[in-house]
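Asker: Kindly produce the complete structure, drawing on both the sequences and the hints.
Number of protein chains: 2
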Amino acid sequence: MTALIAIDWGTTSFRAWALGPGGEVLAATEAGQGILAVPEGDFDSAFETALAPWLGSGAPVIAAGMITSRNGWVETPYLPLPLDAGALAGALVGHRSRGGHRLYFVTGAVSDPEGAFPDVMRGEETEVIGQIAAGGGDGLYILPGTHSKWVQVEGGQIRGLSTCMTGETFAILRQHSILGRLIGPGPGSDAAFLRGVGAAKAPGALMARAFSARSLALMGRLAPGEIADYLSGLLIGDEIRAGLETAPEGVSVTIIGRGDLASRYGRAFAAFGIRATVAPEGMNRRGLFEIAKRGGLI
Amino acid sequence: MTALIAIDWGTTSFRAWALGPGGEVLAATEAGQGILAVPEGDFDSAFETALAPWLGSGAPVIAAGMITSRNGWVETPYLPLPLDAGALAGALVGHRSRGGHRLYFVTGAVSDPEGAFPDVMRGEETEVIGQIAAGGGDGLYILPGTHSKWVQVEGGQIRGLSTCMTGETFAILRQHSILGRLIGPGPGSDAAFLRGVGAAKAPGALMARAFSARSLALMGRLAPGEIADYLSGLLIGDEIRAGLETAPEGVSVTIIGRGDLASRYGRAFAAFGIRATVAPEGMNRRGLFEIAKRGGLI
Numbered sequence: 001m002t003a004l005i006a007i008d009w010g011t012t013s014f015r016a017w018a019l020g021p022g023g024e025v026l027a028a029t030e031a032g033q034g035i036l037a038v039p040e041g042d043f044d045s046a047f048e049t050a051l052a053p054w055l056g057s058g059a060p061v062i063a064a065g066m067i068t069s070r071n072g073w074v075e076t077p078y079l080p081l082p083l084d085a086g087a088l089a090g091a092l093v094g095h096r097s098r099g100g101h102r103l104y105f106v107t108g109a110v111s112d113p114e115g116a117f118p119d120v121m122r123g124e125e126t127e128v129i130g131q132i133a134a135g136g137g138d139g140l141y142i143l144p145g146t147h148s149k150w151v152q153v154e155g156g157q158i159r160g161l162s163t164c165m166t167g168e169t170f171a172i173l174r175q176h177s178i179l180g181r182l183i184g185p186g187p188g189s190d191a192a193f194l195r196g197v198g199a200a201k202a203p204g205a206l207m208a209r210a211f212s213a214r215s216l217a218l219m220g221r222l223a224p225g226e227i228a229d230y231l232s233g234l235l236i237g238d239e240i241r242a243g244l245e246t247a248p249e250g251v252s253v254t255i256i257g258r259g260d261l262a263s264r265y266g267r268a269f270a271a272f273g274i275r276a277t278v279a280p281e282g283m284n285r286r287g288l289f290e291i292a293k294r295g296g297l298i
Numbered sequence: 001m002t003a004l005i006a007i008d009w010g011t012t013s014f015r016a017w018a019l020g021p022g023g024e025v026l027a028a029t030e031a032g033q034g035i036l037a038v039p040e041g042d043f044d045s046a047f048e049t050a051l052a053p054w055l056g057s058g059a060p061v062i063a064a065g066m067i068t069s070r071n072g073w074v075e076t077p078y079l080p081l082p083l084d085a086g087a088l089a090g091a092l093v094g095h096r097s098r099g100g101h102r103l104y105f106v107t108g109a110v111s112d113p114e115g116a117f118p119d120v121m122r123g124e125e126t127e128v129i130g131q132i133a134a135g136g137g138d139g140l141y142i143l144p145g146t147h148s149k150w151v152q153v154e155g156g157q158i159r160g161l162s163t164c165m166t167g168e169t170f171a172i173l174r175q176h177s178i179l180g181r182l183i184g185p186g187p188g189s190d191a192a193f194l195r196g197v198g199a200a201k202a203p204g205a206l207m208a209r210a211f212s213a214r215s216l217a218l219m220g221r222l223a224p225g226e227i228a229d230y231l232s233g234l235l236i237g238d239e240i241r242a243g244l245e246t247a248p249e250g251v252s253v254t255i256i257g258r259g260d261l262a263s264r265y266g267r268a269f270a271a272f273g274i275r276a277t278v279a280p281e282g283m284n285r286r287g288l289f290e291i292a293k294r295g296g297l298i
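Just so you know, the protein sequences line up as chains A and B, in that order. Residue numbering for the first sequence follows the working numbering, beginning at 1 and increasing consecutively. Residue numbering for the second sequence follows the working numbering, beginning at 1 and increasing consecutively.
Don't read these hints as lab results, they were simulated from the structure. Quick caveat: nothing in here was measured; it's all calculated off a predicted structure. Do not rely on the hints blindly, as some may be mistaken.
For chains that are exact copies, the list does not tell them apart, and a pair is met inside one copy or across any two.
[Said to hold, decoys possible] SDA-like cross-link-like pairs, simulated, lysine to any residue; straight-line CA separation at most 20 angstroms:
id, residue 1, residue 2
1, LYS293, GLY186
2, LYS201, ALA116
3, LYS201, PHE117
4, LYS293, GLU30
5, LYS201, GLY115
6, LYS201, LEU244
7, LYS201, ASP190
8, LYS293, ALA87
9, LYS201, ASP112
10, LYS293, ARG195
11, LYS293, THR107
12, LYS201, GLY167
13, LYS201, GLY180
14, LYS201, ARG241
15, LYS201, GLU245
16, LYS201, PRO118
17, LYS201, GLU114
Answerer: Structure, rendered in structure tokens:
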């Protein structure tokens with residue numbers, strides 16, 4: 001029996017699960033459309049089409065992610081840190097779809113809203129709530145990507161957040177800068193990646209160290225096939241170097257991610273003397289289940 | 001009587017002067033083509049067309065700038081730092097044009113060629129030599145631009161060099177990143193620029209602080225018309241913050257540049273408690289004259 005329909009609805013992805021009373025997965029789908037792909041912003045149709053087989057169950061529906069942003073279905077306010085599953089449950093935003101289905105949206109979170117560097121997330125807070133519910137302890141949770149999120153957990157609460165534009169910066173330097181023009185095809189070089197991480201530890205502005213990719217290439221000391229990995233190491237390394245500057249000594253670091261990118265972050269943290277753990281999968285739906293339970297939806 | 005024809009030949013600009021025996025300007029032209037605009041790389045024709053009225057004088061010709069790069073007329077090697085006018089004069093590369101005119105090319109310069117962060121310049125060394133010849137003392141010479149150059153002079157010699165991709169990074173973030181999409185038209189805001197410089201002083205990775213342009217805009221605390229100035233201040237501020245970290249206390253700073261960009265750098269240095277001087281104009285031809293004199297061309 002489906003107890004909860006849980007949706008992780010992002011800018012370019014849609015994942016949903018039919019969950020049983022204990023949070024177990026009865027069915028899963030990725031067949032829906034990411035926000036940008038929904039024609040004319042008709043989220044009602046996208047929702048009802050993707051979940052048609054499950055909606056007849058009458059189970060409550062909970063959703064998190066960029067679907068609650070300005071370009072999403074219903075824009076919800078940001079909840080200020082610190083927060084936990086109970087606070088997010090208390091801030092759920094109810095909505096009725098055109099087809100009459102009742103949904104609950106998890107709001108995003110904001111850190112330091114009145115300070116010089118406010119920061120925001122939508123969806124990552126739910127993932128981290130899932131990690132906490134699954135027994136993840138205090139420390140830093142890193143979600144690498146286009147915009148990497150560093151989420152700080154203390155006393156079982158989310159207390160800090162910082163976003164770094166690492167993935168996006170890498171992509172635009174590669175596609176649009178003078179450095180990109182030098183990049184040639186290559187098999188991927190772990191040595192070049194670690195050399196870039198090492199460059200991140202040296203003094204100087206990030207964009208001065210980035211120019212070394214060009215100087216080294218001009219002098220034949222960095223091969224065309226190594227430049228992209230060097231640059232990736234430099235950007236990830238700079239994110240980690242600066243992020244660790246304000247972190248407590250011996251902080252526990254958990255990487256929430258998969259595949260090559262998670263592995264790169266793990267190797268970069270190791271270069272800073274930190275053994276980062278890769279988090280278990282499926283914590284997004286676990287967070288949605290936890291918030292729904294606290295909110296009395298189940 | 002023309003004693004020297006001096007050319008500053010860059011990627012997108014061409015400037016030349018007919019100089020008298022004391023270095024005085026007898027005539028000047030900007031009518032030639034920058035390297036990228038020379039059709040089919042026919043630099044011989046571009047040279048002879050632009051300078052036709054002067055070449056009959058038989059005066060020696062000296063040229064500096066990106067014209068000696070791989071995409072230029074004659075690729076010359078880089079001369080390692082430290083160097084002065086005499087060293088550049090000793091490394092002049094002679095060349096005869098198709099029309100039979102004898103030219104001398106000033107080589108570029110390289111710092112730390114065997115180290116982890118080699119750096120290169122072509123043209124800026126000649127400008128700084130001119131500054132030194134005109135009585136500019138020891139300290140940092142900053143040439144702001146697409147790729148800002150920091151040139152360190154000590155004991156009348158060029159001893160250090162660092163290139164920062166500040167201008168290019170600003171341009172690609174504005175045109176291609178998520179931050180650019182938020183930028184609206186505005187009259188230019190000195191306050192937003194200085195707020196960006198202030199952000200550069202805060203801890204955190206550059207690309208984490210850059211994301212604050214988005215967070216602040218989302219929260220209505222940075223107007224669309226202020227975002228570009230904020231970002232400009234952040235990038236220039238980060239260049240200066242990091243550059244000053246390795247500079248001696250009380251270092252003299254000279255900005256080689258004109259107009260709005262030189263003024264921005266001046267205001268940003270002031271925010272770091274440093275009163276930067278804007279260098280006198282015309283030091284490029286002065287450097288060319290000095291090197292030619294040392295090389296016995298005059």
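Asker: Hints broken by the structure, by number, lowest first?
Answerer: 1, 4, 10, 13
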